[in-house]
Amino acid sequence: MIWDYAIPRVETGVAAQDAGHPMDSEAFAGFYERSARSLWAYLARVSGNPALADDLMQEAYLRFLGASHLADGEVACRRYLFRIATNLMRDHWRRPRTSSIDELPETLFAAGDVSAASDAQVMLGPALAQMRPRERQLLWLAYAENYTHAEIAEITGLKSASIRLLLFRARRKVARLLRKETSAERIRA
Amino acid sequence: MTLGQCAREKEVIDLLHGGRWPAACEPELREHVAGCSLCVQTVLLKSAFAAALVKAKGEVRLEAPGVVWWRAQLRRRSEAVERVNRPIVRAQRFALLINLLAAVALLASQWRHGFRLAAWLSGVAEAPVFHPGVLWTTAAQQPGWNLMVLVPCVAAAVVLGGITVYLATER
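Protein chains in written order, with the working numbering: chain D, 18 to 206; chain Y, 7 to 177.
Treat the hints with caution; some may be incorrect.
Within a straight-line C-alpha distance of at most 25 angstroms, the following computed SDA-like cross-link-like pairs (lysine to any residue) qualify [said to hold, decoys possible]:
1) D/K176 <-> D/G90
2) Y/K52 <-> D/R189
3) Y/K61 <-> D/F48
4) Y/K61 <-> D/A68
5) Y/K63 <-> D/W110
6) D/K190 <-> D/Q147
7) Y/K63 <-> D/R107
8) Y/K63 <-> D/R151
9) D/K176 <-> D/H86
10) D/K197 <-> D/K176
11) Y/K63 <-> D/H86
12) Y/K61 <-> D/R189
13) Y/K63 <-> D/V92
14) D/K176 <-> D/R107
15) Y/K63 <-> D/E152
16) D/K190 <-> Y/Q11
17) D/K190 <-> D/R107
18) D/K190 <-> D/P143
19) Y/K61 <-> Y/W76
20) Y/K52 <-> Y/H38
21) Y/K63 <-> D/L184
22) D/K190 <-> Y/A29
23) Y/K61 <-> Y/A29
24) Y/K61 <-> D/P143
25) Y/K16 <-> Y/H38
26) Y/K61 <-> D/T165
I should point out that these hints are in silico values taken from the structure, not numbers from a laboratory.
Bear in mind that the values here come from a model prediction, so they are computed numbers and not experimental data.
Turn these sequences into a full structure, and let the hints steer you where they fit.
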């Protein structure tokens, strides 16, 4: 075509970086290996649906690679990736035809293999099932990913002050649920 | 609402982050944690979420990064093609609209004159535009005609040339 110059070719290797990509394929491979498992864990545990987590993760990486400009540094890129994933999850819940996260069965959150885990770890699944999606999101980002309030605010698009309050409430709620589940389990045992 | 905070929570978090809890924890801090509901909560949540993260990371089946990269490249390309084609699609729609308007105008004028299409076509065929000899004579006699003939001719040539070049390069 006469305007071939305007259409990017399907590049592999370092050549892609020259074609205007913020990250070449080798750098991306490293970044993917380091971030994909955490991203999937976040999506799967917050949505409670591993199949949905697969789809959203793939879409998140495609959008990440489609971005014309990426922030410098792996930490910022990772934060940006989580932000994309958070927005995708939010869009998915907003769609009218899909089931709301609140309607998902509790079994989706329950831990499978419990042999080696402590009481609190085993009970986290059922406890998370009783939390709201936003609460699950905040707790996961804060306690599994160790993000600060400011970083969580950047990822979720909420204000830092709101994060503080929401996280405080969510934390109190999940701790109460964990304690309740753990004592109930002890009584059953 | 007061958001509870403990001054020693950061120390506990640092130990948990570094994987040094409880082994590297000083007895004094451990004593504090045992008596502080906020620090107990922090330890409980941090260890539960850390274990959940490790477990979830083991469940994922990752695609090869090359496949993801390749898909992203294909998407970039198809988006770029769509972007480039957008003005052409708009021009095609505009041309279709003009043609429809012309057809409506023709039908309206024919309806007004009783649908005498054959008579109208013969009238058009006899027009000086289709008879170069008559056209040049008229143009020479009336200077305004030069522009009236030249501009549409040049415009038609440009449009046809553009279409030819587009089709040739497309092929």
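Outcome of the hint check:
| no. | hint | result |
| --- | --- | --- |
| 1 | D/K176 <-> D/G90 | holds, 24 angstroms |
| 2 | Y/K52 <-> D/R189 | holds, 13 angstroms |
| 3 | Y/K61 <-> D/F48 | holds, 21 angstroms |
| 4 | Y/K61 <-> D/A68 | holds, 17 angstroms |
| 5 | Y/K63 <-> D/W110 | holds, 24 angstroms |
| 6 | D/K190 <-> D/Q147 | holds, 9 angstroms |
| 7 | Y/K63 <-> D/R107 | holds, 22 angstroms |
| 8 | Y/K63 <-> D/R151 | holds, 21 angstroms |
| 9 | D/K176 <-> D/H86 | holds, 24 angstroms |
| 10 | D/K197 <-> D/K176 | violated, 31 angstroms |
| 11 | Y/K63 <-> D/H86 | violated, 29 angstroms |
| 12 | Y/K61 <-> D/R189 | holds, 24 angstroms |
| 13 | Y/K63 <-> D/V92 | holds, 19 angstroms |
| 14 | D/K176 <-> D/R107 | holds, 17 angstroms |
| 15 | Y/K63 <-> D/E152 | holds, 21 angstroms |
| 16 | D/K190 <-> Y/Q11 | holds, 16 angstroms |
| 17 | D/K190 <-> D/R107 | holds, 22 angstroms |
| 18 | D/K190 <-> D/P143 | holds, 13 angstroms |
| 19 | Y/K61 <-> Y/W76 | violated, 29 angstroms |
| 20 | Y/K52 <-> Y/H38 | holds, 17 angstroms |
| 21 | Y/K63 <-> D/L184 | holds, 24 angstroms |
| 22 | D/K190 <-> Y/A29 | violated, 28 angstroms |
| 23 | Y/K61 <-> Y/A29 | holds, 22 angstroms |
| 24 | Y/K61 <-> D/P143 | holds, 15 angstroms |
| 25 | Y/K16 <-> Y/H38 | holds, 13 angstroms |
| 26 | Y/K61 <-> D/T165 | holds, 23 angstroms |
In summary, the structure is inconsistent with hints 10, 11, 19 and 22 from the numbered list given earlier, while agreeing with the others.
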